[in-house]
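Asks: The sequence shown lines up with residues 1 to 423 when you count with full-length UniProt numbering.
If you're looking for bench data, these hints aren't it; they were derived computationally from the structure. Please read all numbers here as calculations on a predicted model, not as lab measurements. Among the hints, a few may not be true.
[To be verified] Below 25 Å or equal to it, Euclidean Cα-Cα: the simulated SDA-like pairs (lysine to any residue) are: (1) Lys324 to Thr294; (2) Lys321 to Ala55; (3) Lys332 to Glu296; (4) Lys321 to Gln261; (5) Lys238 to His254; (6) Lys43 to Ile419; (7) Lys336 to Gly377; (8) Lys240 to Thr250; (9) Lys43 to Ala64; (10) Lys356 to Gln287; (11) Lys240 to Glu304; (12) Lys324 to Gln47; (13) Lys360 to Glu293; (14) Lys360 to Val379; (15) Lys321 to Phe53; (16) Lys158 to Thr91; (17) Lys356 to Lys321; (18) Lys158 to Ser3; (19) Lys60 to Lys321; (20) Lys43 to Gln375; (21) Lys336 to Gln375; (22) Lys360 to Ile419; (23) Lys332 to Lys43; (24) Lys390 to Asp124; (25) Lys324 to Gly255; (26) Lys160 to Val100; (27) Lys390 to Asn131; (28) Lys72 to Lys158; (29) Lys332 to Thr294; (30) Lys321 to Glu343; (31) Lys356 to Thr205; (32) Lys355 to Glu330; (33) Lys72 to Arg46; (34) Lys60 to Thr294; (35) Lys67 to Gln47; (36) Lys238 to Lys310; (37) Lys321 to Lys332; (38) Lys360 to Pro282; (39) Lys321 to Thr270.
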Amino acid sequence: MLSSQELVQFRRDLHSYPETGWCEFVTTFKVVQKLRSFGIEPKFGRQIINPEFVAGRNEKAVEAAQKAALDKGVSAEFLEQMGGYTGVLATIETGRPGPVLAVRFDMDCVDVQEALEAGHRPFDEGWASTNPGHMHSCGHDGHTTMGIGLCSWLVENKDKLCGTIKVLFQPAEEGVRGARPVAESGVLDDADYFFGNHLGFNLPTGTISPEPGLFLASTKLDAEFVGLAAHSGADPHKGKNALLAAATATLAVHGIIRPVQETTALNVGTLHAGQGRNVVAPNAFMQLEVRGETEEVNSYMREEAIRKIKASADMYDCEVKIVKAGEATEFKPDRKAIDLVYEAAIPVVGEEMIKKMDLKLGSEDCTILLRRVQQRGGVGTFIIFGCETKAGHHQRLFDFDERVLDIAVSFYKNLVPMICGFK
Numbered sequence: 001m002l003s004s005q006e007l008v009q010f011r012r013d014l015h016s017y018p019e020t021g022w023c024e025f026v027t028t029f030k031v032v033q034k035l036r037s038f039g040i041e042p043k044f045g046r047q048i049i050n051p052e053f054v055a056g057r058n059e060k061a062v063e064a065a066q067k068a069a070l071d072k073g074v075s076a077e078f079l080e081q082m083g084g085y086t087g088v089l090a091t092i093e094t095g096r097p098g099p100v101l102a103v104r105f106d107m108d109c110v111d112v113q114e115a116l117e118a119g120h121r122p123f124d125e126g127w128a129s130t131n132p133g134h135m136h137s138c139g140h141d142g143h144t145t146m147g148i149g150l151c152s153w154l155v156e157n158k159d160k161l162c163g164t165i166k167v168l169f170q171p172a173e174e175g176v177r178g179a180r181p182v183a184e185s186g187v188l189d190d191a192d193y194f195f196g197n198h199l200g201f202n203l204p205t206g207t208i209s210p211e212p213g214l215f216l217a218s219t220k221l222d223a224e225f226v227g228l229a230a231h232s233g234a235d236p237h238k239g240k241n242a243l244l245a246a247a248t249a250t251l252a253v254h255g256i257i258r259p260v261q262e263t264t265a266l267n268v269g270t271l272h273a274g275q276g277r278n279v280v281a282p283n284a285f286m287q288l289e290v291r292g293e294t295e296e297v298n299s300y301m302r303e304e305a306i307r308k309i310k311a312s313a314d315m316y317d318c319e320v321k322i323v324k325a326g327e328a329t330e331f332k333p334d335r336k337a338i339d340l341v342y343e344a345a346i347p348v349v350g351e352e353m354i355k356k357m358d359l360k361l362g363s364e365d366c367t368i369l370l371r372r373v374q375q376r377g378g379v380g381t382f383i384i385f386g387c388e389t390k391a392g393h394h395q396r397l398f399d400f401d402e403r404v405l406d407i408a409v410s411f412y413k414n415l416v417p418m419i420c421g422f423k
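Taking the hints into account, I'd like the entire structure generated from these sequences.
Replies: Here it is, written out as structure tokens:
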């Protein structure tokens, strides 16, 4: 089993070269190589992805990431085997009948420029991001490391276990893009138990929450408006103003009447339009998201947003193409799984460090995988491993207390035998 020092070293190696969603080619390679060193031959890339359900994938960024991976020592043969997609699934077969347990860890980074300045530990110690504009500022480098630590323990202890354990290293969690294509590939359809986790939230290191709070269902949308260019002084009447259509849509979407009994959220995050000062704007591009406490409320928010975007385009005689760029569903954990987390956590951190939280955690596409397992008769939940952080998630100075890596692996060392131990 990997030592504490080896876990920290692996995390810092991942931290030094972060990759955004659908571009985690170097990260996938590192995970596969480490698993092979344990004697595990994993599935990866297209083997665990259903391309029909891929959303929010920038082809130019993917191509650039593959070229960069070659420069970082990833072989052309390995990239070809990946089939243009990222992610890894390690399956540990004990050879004895028993349940199937799946655990998910995400592996992508955030589009943030890391602080390259004195006082920021990764910079001071030489393991800050070397990939400009990309940073592990949400802790997914830690999550991936937890999964590697778990796999190293599973290989050494599988003779004491029964059933099958699947460890998923999921791509593209940011923007809630990666879970659906993995779910639709069917690789977790036989899971009887499913768990996901996240570190941080500036909770005291050693805190474990089996009941973290509320995840909102969410839909991410891209809207592309197409109008017609014209001279803004001589012939404005001959143009079709996509900028005004998009601006009107922005205000209309933010004016959606929301159900007062339920938690909702909505945001138009980016808006780009036009070609020149004296040209009627022939194009505009908008990125937005809606969220709802339940799938029903999120669906209402989504359909209202789409309706208002289309109506705004019609007002200015423009065309609009709306594409789903990501999704998550509501969080409905199972009591049976929650109770297992409580039982596994007590020997690791003590009863006083186990907290039921009421965090408003935004959205998490792990819910898509959880729902898939539940629809087939399985149970699961999501766990928070608290640890102090130097700044908030998604901030340029983010760093976390690395003791959480050992805590998480120790927790899973307790949890796995409860499900896949000899009875």
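Asks: Each hint needs a verdict: does it hold in this structure or not?
Replies: Results for each hint:
1. Of the pairs offered as hints, the one joining Lys324 and Thr294 holds, with about 18 Å between alpha carbons and a cut-off of 25 Å not exceeded.
2. This hinted pair checks out: Lys321 and Ala55 have alpha carbons roughly 15 Å apart, not beyond 25 Å.
3. Of the supplied pair hints, the one linking Lys332 and Glu296 holds, its CA atoms being roughly 14 Å apart against a limit of 25 Å.
4. Only pairs whose Cα atoms come within 25 Å are accepted, and Lys321 paired with Gln261 is rejected, the gap being roughly 32 Å.
5. For the proposed pair Lys238 and His254, the alpha carbon gap of about 30 Å is over 25 Å, so the pair is violated.
6. Distance hint between Lys43 and Ile419 is fulfilled; the C-alpha atoms sit about 23 Å from each other, no more than 25 Å.
7. Distance restraint check for Lys336 and Gly377: the Cα-Cα separation of roughly 13 Å lies within the 25 Å cut-off, and the hinted pair is therefore satisfied.
8. A threshold of 25 Å between alpha carbons decides the hint, and for Lys240 with Thr250 the separation of about 17 Å falls inside it, so the pair holds.
9. Between the alpha carbons of Lys43 and Ala64 the distance comes to roughly 23 Å, so the proposed pair stays at or under 25 Å and holds.
10. At most 25 Å may separate the alpha-carbon atoms for a hinted pair to count; Lys356 and Gln287 exceed this at roughly 34 Å.
11. For the hint linking Lys240 to Glu304, the alpha-carbon distance of about 24 Å falls within 25 Å, and the restraint holds.
12. Taking the CA atoms of Lys324 and Gln47, the gap is near 23 Å; set against the 25 Å cutoff, the hint holds.
13. Taking the CA atoms of Lys360 and Glu293, the gap is about 10 Å. The hint holds against a cut of 25 Å.
14. With a C-alpha separation of about 22 Å, the suggested pair Lys360 and Val379 falls inside the 25 Å cut-off, and the hint holds.
15. For the given pair, Lys321 sits about 18 Å from Phe53 by alpha-carbon distance, which is consistent with the 25 Å threshold.
16. Proposed proximity of Lys158 and Thr91 is supported: the alpha carbons are some 11 Å apart, at most 25 Å.
17. At roughly 43 Å between alpha-carbon atoms, Lys356 and Lys321 are farther apart than 25 Å, so this suggested pair is violated.
18. Straight-line distance between C-alpha atoms of Lys158 and Ser3 comes to about 18 Å, which keeps the hinted pair within the 25 Å bound.
19. Our distance criterion of 25 Å between C-alpha atoms is met by Lys60 and Lys321, whose separation comes to about 20 Å.
20. Restraint check for Lys43 and Gln375: satisfied, since their Cα atoms lie roughly 24 Å apart, inside the 25 Å limit.
21. Restraint check for Lys336 and Gln375: satisfied, since their Cα atoms lie roughly 16 Å apart, inside the 25 Å limit.
22. With a CA separation close to 29 Å, the supplied pair Lys360 and Ile419 exceeds the 25 Å bound.
23. A threshold of 25 Å between alpha carbons decides the hint, and for Lys332 with Lys43 the separation of about 29 Å lies outside it, so the pair is violated.
24. Between the alpha carbons of Lys390 and Asp124 the distance comes to roughly 14 Å, so the proposed pair stays at or under 25 Å and holds.
25. Straight-line distance between C-alpha atoms of Lys324 and Gly255 comes to about 21 Å, which keeps the hinted pair within the 25 Å bound.
26. A hinted pair counts as satisfied when its Cα atoms are at most 25 Å apart, and Lys160 with Val100 qualifies at roughly 15 Å.
27. Distance restraint check for Lys390 and Asn131: the Cα-Cα separation of roughly 21 Å lies within the 25 Å cut-off, and the hinted pair is therefore satisfied.
28. In summary, the hint linking Lys72 to Lys158 is not supported, as the alpha carbons are separated by about 34 Å, beyond the 25 Å threshold.
29. The hinted pair formed by Lys332 and Thr294 meets the criterion: a straight-line CA distance of about 10 Å does not exceed 25 Å.
30. Simply put, Lys321 and Glu343 have alpha-carbon atoms about 50 Å apart, too far for the 25 Å limit, and the pair is violated.
31. Note on Lys356 and Thr205: the hinted pairing holds, with a Cα-Cα distance of about 15 Å set against a maximum of 25 Å.
32. Among the hinted pairs, Lys355 with Glu330 is consistent with the structure: their alpha-carbon atoms are about 21 Å apart, no more than 25 Å.
33. Proximity of Lys72 to Arg46 is assessed by CA-CA distance (about 21 Å); at most 25 Å being required, the pair is judged to hold.
34. Between Lys60 and Thr294 the alpha-carbon distance is near 35 Å, which puts this suggested pair outside the 25 Å criterion.
35. Between Lys67 and Gln47 the alpha-carbon distance is near 21 Å, which keeps this suggested pair within the 25 Å criterion.
36. Under the criterion of a C-alpha separation no larger than 25 Å, the hint pairing Lys238 with Lys310 is consistent with the structure, at around 21 Å.
37. Distance hint between Lys321 and Lys332 is unfulfilled; the C-alpha atoms sit about 33 Å from each other, more than 25 Å.
38. Between Lys360 and Pro282, the direct Cα distance comes to roughly 40 Å. Violation of the 25 Å bound is thereby established for this hinted pair.
39. A threshold of 25 Å between alpha carbons decides the hint, and for Lys321 with Thr270 the separation of about 16 Å falls inside it, so the pair holds.
Figure legend: structure checked against the earlier numbered hints; hints not met, in rising order: 4, 5, 10, 17, 22, 23, 28, 30, 34, 37, 38.
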